[in-house]
Amino acid sequence: MERIDIHPTHAYGNFKLRLGRPQPFGASIVPGGVNFSIFSSYATSCTLVLFKKHAKEPLAEIPFPDEFRIGNVYCMVVFELDYEDLEYGYRMAGPNNFQLGHWFDPSKILLDPYAKIIGGRDVWGTPPDWDDCYHHRGRIAFDDFDWGSDRALEIPPEDQIIYEMHVRSFTRHDSSRIKENHRGTFAGIRDKIPYLRELGVNAVELMPVYEFDEFENSRPNPQTEETLYNYWGYSTVGFFAPKAGYAATGKFGMQVDELKNLVKELHKNGIEVILDVVFNHTAEGNERGPTISFRGIDNKTYYMMTPEGYYFNFSGCGNTLNCNNPIVRNIVLDCLRYWAAEYHIDGFRFDLASILGRDPLGYPLANPPLLESLAFDPILARCKLIAEAWDAGGLYQVGSFPAYGRWAEWNGKYRDGIRKFLKGDGTVGAMAQCLQGSPDLYEWSGRAPATSINFITAHDGFTLMDLVSYNHKHNEANGENDNDGSNDNDSWNCGWEGATDDVGINALRRRQIKNAIAMLMVSQGVPMLLMGDEFGRTQNGNNNTYCHDNELSWLDWSLQSQNADILEFVKHTIAFRHAHPVLRNSWHFQNRDYVGSGYADITWHGTKAWQADWSATNRAIAFMLCGKHAKGGTVEDNYIYVAMNMHWQTLWFEIPRLPTSMHWHIFANTGAAIPSYAPSTEPPLDRESGLLVGDRSVVILVGK
Amino acid sequence: MDITIKSLGEIQIVELVGDIDASTAPEITKQVSDLVKPHSRLLLDMTQVPYMSSAGLRTLLSLYRQITTKEGKMVLVGLNEELIDTMSVTGFLDFFISKSSQEEGLASLA
Chain A
1412 MERIDIHPTH
1422 AYGNFKLRLG
1432 RPQPFGASIV
1442 PGGVNFSIFS
1452 SYATSCTLVL
1462 FKKHAKEPLA
1472 EIPFPDEFRI
1482 GNVYCMVVFE
1492 LDYEDLEYGY
1502 RMAGPNNFQL
1512 GHWFDPSKIL
1522 LDPYAKIIGG
1532 RDVWGTPPDW
1542 DDCYHHRGRI
1552 AFDDFDWGSD
1562 RALEIPPEDQ
1572 IIYEMHVRSF
1582 TRHDSSRIKE
1592 NHRGTFAGIR
1602 DKIPYLRELG
1612 VNAVELMPVY
1622 EFDEFENSRP
1632 NPQTEETLYN
1642 YWGYSTVGFF
1652 APKAGYAATG
1662 KFGMQVDELK
1672 NLVKELHKNG
1682 IEVILDVVFN
1692 HTAEGNERGP
1702 TISFRGIDNK
1712 TYYMMTPEGY
1722 YFNFSGCGNT
1732 LNCNNPIVRN
1742 IVLDCLRYWA
1752 AEYHIDGFRF
1762 DLASILGRDP
1772 LGYPLANPPL
1782 LESLAFDPIL
1792 ARCKLIAEAW
1802 DAGGLYQVGS
1812 FPAYGRWAEW
1822 NGKYRDGIRK
1832 FLKGDGTVGA
1842 MAQCLQGSPD
1852 LYEWSGRAPA
1862 TSINFITAHD
1872 GFTLMDLVSY
1882 NHKHNEANGE
1892 NDNDGSNDND
1902 SWNCGWEGAT
1912 DDVGINALRR
1922 RQIKNAIAML
1932 MVSQGVPMLL
1942 MGDEFGRTQN
1952 GNNNTYCHDN
1962 ELSWLDWSLQ
1972 SQNADILEFV
1982 KHTIAFRHAH
1992 PVLRNSWHFQ
2002 NRDYVGSGYA
2012 DITWHGTKAW
2022 QADWSATNRA
2032 IAFMLCGKHA
2042 KGGTVEDNYI
2052 YVAMNMHWQT
2062 LWFEIPRLPT
2072 SMHWHIFANT
2082 GAAIPSYAPS
2092 TEPPLDRESG
2102 LLVGDRSVVI
2112 LVGK
Chain B
2 MDITIKSLGE
12 IQIVELVGDI
22 DASTAPEITK
32 QVSDLVKPHS
42 RLLLDMTQVP
52 YMSSAGLRTL
62 LSLYRQITTK
72 EGKMVLVGLN
82 EELIDTMSVT
92 GFLDFFISKS
102 SQEEGLASLA
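Respectively, the protein sequence lines represent chains A and B.
Quick note: the first sequence uses this note's numbering, first residue 1412, plus one each step.
Quick note: the second sequence uses this note's numbering, first residue 2, plus one each step.
Hints are computed from structural coordinates only; laboratory data are not their basis.
You may find that some hints are simply not true.
Stretch-level coverage of chain B by chain A, calculated; a stretch enters the list once three of its residues show a Cβ under 8 Å from a Cβ in chain A [as the list claims (entries may be wrong)]:
#, region
1, 16 to 29
2, 53 to 62
3, 92 to 106
We put the beta carbon where it would ideally sit given N, CA and C, even for glycine.
Could you build the full structure based on these sequences and the hints that come with them?
The structure is reproduced here in structure tokens:
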């Protein structure tokens, strides 16, 4: 039987209309037409504006009849639309009063905050028509992708190895040797799945893929006249739409299918997808920024405003999303649910997440409703939630982010602890915490080691090669007089600032890189590797390449052969981590023997076995993991011994004795001619009483 | 959009000429859906289809689903290189048997 709501009840010009449904918000395909639904707390009227795709002038403007407003929601079905060739926006009328925070202006055409596809920047880097009356144009998505039997992988968090990447940087360089039209796109990542598998990572974390405007604040580089872009994209235009310019098929408007297919293919290969999401601010900037969407729809609802009508700026980017307003909270929740359900996304990393815990006047909340809603949401229940647990307004919550048993954290203290120890500052006490999944930060509140996302480098800051090649940042190319980017890098150039022909310095740098990777891969928690660190990617000392669409940012794949030794070491240590559950415990060490093996789960050693030196100036430490305590004693593993000598002199380490019948084998020695072996091919150690560990070297033994 | 339907034994050959998009897809759906019977075998000749939009790709996938539900078989023939690329990166290609010529297509349905 035919439903009666497939028939129009109203007409406007040639358009046939009917009262729509308020939910879902956004534009949805319904029998016979499209349901448009948008809300505003303060608007007095709303008009739907339709364009034929790419047209300069609207095709039609249809005011919502009064009876099509339900509460504060304008909802209407428009029948017989050629919705594949359609773009839509809204005009909103209402109060315009700066001090009261109202910015209504019906002369502006506004993007639907719930738009699932956004046109206007279809091909990366194509200069926009600045006179266009409507820049970022809502389009209608099919949302009918055929997933077959795919679903989120649900890899236990402690078993993850995350690879942080920028979609365009990963394959844009010609040396990626993929099809030209795939370079710098989702399709390009798909082409490189065999590489990711070989590397051994099982999660990719994509820097922002929500639609953004690479031309936001674009300007010529004062040195080279080359255009500087909003390259990283930490500035969202639409939270529900993938970046069109990241899709090889963006010019056909098929970015939704291309990204979904990438997720499906990554899943087939055992690789999860984590999205870096930016809910702390939007692309509309401060009082001088453009009106794209939120500002013209419900400014006062979406943004944190000072009593004088200015934008609070806890993000450092001009405005702050009013995350604990109930309406904004819902849109964030709707958004994440959409990505989890519709795109099968495995997890989210929240940029400047501490902002999500502030109230509308900016005060940190003890029990932030948004963070709680996300933690307990049934659709997000198995998604990884990862907080960048600080913001630009001075809130620093590493170790204290409101977690509800769900939230993991980018562990900034891990990064600092490892870097200091690596460059020889001593700090063995802090280092010991890092290696154990930071129990000092998390155990007291009942949070697991996998709460700690362990990273030494990330997109913010030096690459690993630059961390061992520069004492200071070199950001002149950003055109901000070297004022941008962090000054606290805890880096050490090994004796010369920047590239050098000095054989000794270069050898030391390579060793330091391997030392860092070794420390990362034997730490409890979740290791995260920055794209390209596995083969020595450099940004020439620039620690903030947010604006560079060029070789500073792009991954140069030819470094694979130049730095083959680093790549092999990374592959080996990743494989070693996968092979040894004792490195991936789901709960903290107890420092005691609770399985009757005769050894505590973890024991600490120094140059003398069983005697760790915790003094402030000591630079040498070793630890042993008892294989019988792997995963809390539930699985059996080998014993593992790790000696780290960050002293400038070679030291003799006495090695703890294994149970009889077992022998030490050498998996890695960053100071040796063969720095690592493929797991399970490790040769036995000649002399089991001890070994020389070279200056600034790490040794990893496996007892079996 | 021109649609020519021929029969060769038990195999239906559908030759399509023109772009497949939201405006032409309904006609294809209408005409080709009629051919879908239990165990039917269908060859879609795409040699003269320069472009398929998102709606066009969905039309093909929808036909594929109808046919496989009825335990039939469908093959695409003569897709141009750009279409193959678009279908590959968006995942649509995974569902279809794609051959370069009618002869190969017929062989795969035999």
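Now the hints, each set against the structure:
With a threshold of 8 Å between beta carbons, the proposed coverage of the region 16 to 29 of chain B by chain A holds, since 3 of its residues qualify and at least three are required. Chain A is given as covering the region 53 to 62 of chain B, and this holds because 6 residues of the stretch bring a CB closer than 8 Å to a CB of that chain, at least three being needed. Beta-carbon proximity to chain A at under 8 Å applies to 3 residues in the region 92 to 106 of chain B; the threshold of 3 is reached and the given coverage holds.
Every hint, counting from the list given before, is met by this structure.
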